[in-house]
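Listed below, chain by chain, are the residues.
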Amino acid sequence: MENLIEYAPLLARGALITVLLALAALAMATVLGGLGAMGKISGGRIVRLLVFGYTTIVRGVPDLVLILLIYFGGQRLISIASNAVGLEYIELSKFWSGVVAIGFIYGAYLTETFRGAYLTVPAGQREAAMSMGMRPVQVLRAVTLPQLVRFALPGYANVWQVLVKSTAVVSVIGLEDLVGLANDAGKSVREPFLFFTAVFFAYLFFTWVSQSIFNAAEKRYALKEHGDAV
Amino acid sequence: MRFDLVAKNWELFAEGMWMTLQLTGLSVLIGFCIALPFGMIRANSNGIGSKLINAYVYAFRGTPLLVQLYLIYYGLSQFEWVRGSFAWVILREAWWCALIAFSLNSGAYATEIIRGAVQSVPEGELEAAKSLGMSPFKVNRLVLIPAALRRALPQYGNEVVFMLHGSVVASIITIQDILGVGRTLNARYYLAYEGFLTAAALYMALAFSVVFVFRQLEKRYLGYLRVSR
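These protein sequences, in sequence, are chains P and H.
Those letters in the first sequence? Residues 1 to 230, by the working numbering.
Those letters in the second sequence? Residues 1001 to 1229, by the working numbering.
Worth flagging that the hints you see were computed from the coordinates, not collected in a lab.
Note that this is a predicted model, so its numbers are computed, not measured.
Take these hints with a grain of salt, some might be off.
Label pairs and their computed distance ranges (CB to CB) [to be verified]:
1) H:V1213 to P:P146: 40 to 50 Å
2) P:A84 to H:L1222: 50 to 60 Å
3) P:M38 to H:F1137: 23 to 33 Å
4) P:A216 to H:F1137: 42 to 52 Å
5) P:P122 to H:L1005: 54 to 64 Å
6) H:C1033 to P:V149: 54 to 64 Å
Chain P is faced by these chain H residues, among others (derived, beta-carbon under 10 Å) [to be verified]:
7) V1067
8) A1087
9) A1207
Over the 10 Å line for every Cβ pair with chain P, so calculated as not near, a few chain H residues [as the list claims (entries may be wrong)]:
10) R1083
11) G1084
12) E1123
13) Q1155
14) Q1216
Using N, Cα and C, we set each Cβ at its ideal position, and we do this for glycine too.
Excised from the complex, chain P in its bound form (with noise of 0.2 Å):
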């Protein structure tokens, strides 16, 4: 128990990086969602079959595929890359790869849950504001979004969950995630289970407190009864 204590400082600097990372990919996630789902929706024969190659693709390959993939593939390419324009060599980094191929991943899935949101608010309501002479960016922000918002919630808190678990392989690129750093630290200290538990809670943690926040952010976009305090 004492070693748990005196590495604490350091497993709270790994849990820092598994929460940064997967705040970066959601963000790129988000992104990717969001343009996915536009191009779904309104985009031409090339880019729906671009999307439905992208979100079909994506969704067929795990996780840790993707992402061992990306940083050695990726590394290979860089390396021919700086060698023909005689560079020094270049390491790519590991947590910008699990970023990249994680937020890969799971743009795949918002793709599909802001497409369905974005279907649930009624096309009449579109149809109105566009008929009192609203443009289609005041359509967006004013009409479509709130609604979209609140549709898209539960399936966003769902791809949350489940993306800041993928973030645990992570670690097998050597990134000093809170897994990475506590398998190390278990080892060293021949305490394995205790370290291990000790990870396993810190992800409970963090599902439980996300829990909390969608909760939260789910009542707060709700449709309000008349007589609802704010």
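Fit chain H to the known structure of chain P by using the hints.
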């Protein structure tokens, strides 16, 4: 690209595929055996048993599969009494640890699926069965469980794909599943893409096969519910 090396080592990939199928299939099966009774209890009672099951479900759904695997494979060896016990024959093997971790994980996710499915069976179907004079056991066996399992099919398909994708972490503890073989190939010939790309293609093929099989099962067993929609 040296895909000729993949072709030359196709037997390795075939073995890896068998390993992945074995681990996924067995853990989904064991997970189902855990989930059926647990899901029924969760759906029907709110007692201490139900609360304990809920704690198990919450813990295993709220943490990464990799951490669960590490906890069992590396973690348990910390204790002298585990290493001295008869269970050590099993717990020192990576394969058994993976199977235990995956089964417990799948069981937790499936418990929620079964619970939801049991609760979605219309009350009228059960009342009709009771009014025919069936004993509670018979109602469960002939009406509730078949109806619930049919309704669980779509989500269960997702769970199987999820488990298939999750099973890649087995390669981290030296098991030669599809990804394990891909990594071995890359290391042996100093490749960066070929092994992983082949693994990606194989996983995708397996995932789509699972989706296809479940779609057929849904047509066969859930078709009668689809008509009314």
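Hints, verified against the model:
1. Range check, V1213 (chain H) to P146 (chain P): Cβ separation about 41 Å, and the 40 to 50 Å hint holds.
2. The given range of 50 to 60 Å is respected by A84 (chain P) and L1222 (chain H), whose C-beta atoms sit roughly 56 Å from each other.
3. Take M38 (chain P) and F1137 (chain H): their Cβ atoms lie about 54 Å apart, and the range 23 to 33 Å is violated.
4. In this structure the hint that A216 (chain P) and F1137 (chain H) lie 42 to 52 Å apart at CB holds, the actual value being about 44 Å.
5. Checked against the hint of 54 to 64 Å, the C-beta distance between P122 (chain P) and L1005 (chain H) comes to roughly 56 Å, which is consistent with it.
6. Between C1033 (chain H) and V149 (chain P) the beta carbons are some 41 Å apart, a value that contradicts the proposed interval 54 to 64 Å.
7. The interface hint given for V1067 (chain H) is met, as the beta carbon of that residue sits about 5 Å from the closest beta carbon of chain P, less than 10 Å.
8. Violation of the interface hint for A1087 (chain H) is found here, the shortest Cβ-Cβ separation to chain P being roughly 15 Å, above the 10 Å cut-off.
9. The beta carbon of A1207 (chain H) is positioned within 10 Å of a beta carbon in chain P (closest approach about 5 Å), and the interface hint is therefore held.
10. No Cβ of chain P approaches the Cβ of R1083 (chain H) within 10 Å, the least distance being about 12 Å, so the stated non-interface status holds.
11. Distance check for G1084 (chain H) against chain P: the nearest CB is about 15 Å away, which clears 10 Å, and the non-interface claim stands.
12. Listed as outside the interface, E1123 (chain H) is consistent with that label: its C-beta sits roughly 26 Å from the nearest C-beta of chain P, beyond the 10 Å cut-off.
13. At roughly 13 Å, the least C-beta separation between Q1155 (chain H) and chain P is larger than 10 Å, which holds for a residue marked as non-interface.
14. Non-interface call for Q1216 (chain H) relative to chain P: holds, since the shortest CB-CB distance, roughly 18 Å, exceeds 10 Å.
Consistency note: the structure conflicts with the earlier hints numbered 3, 6 and 8.
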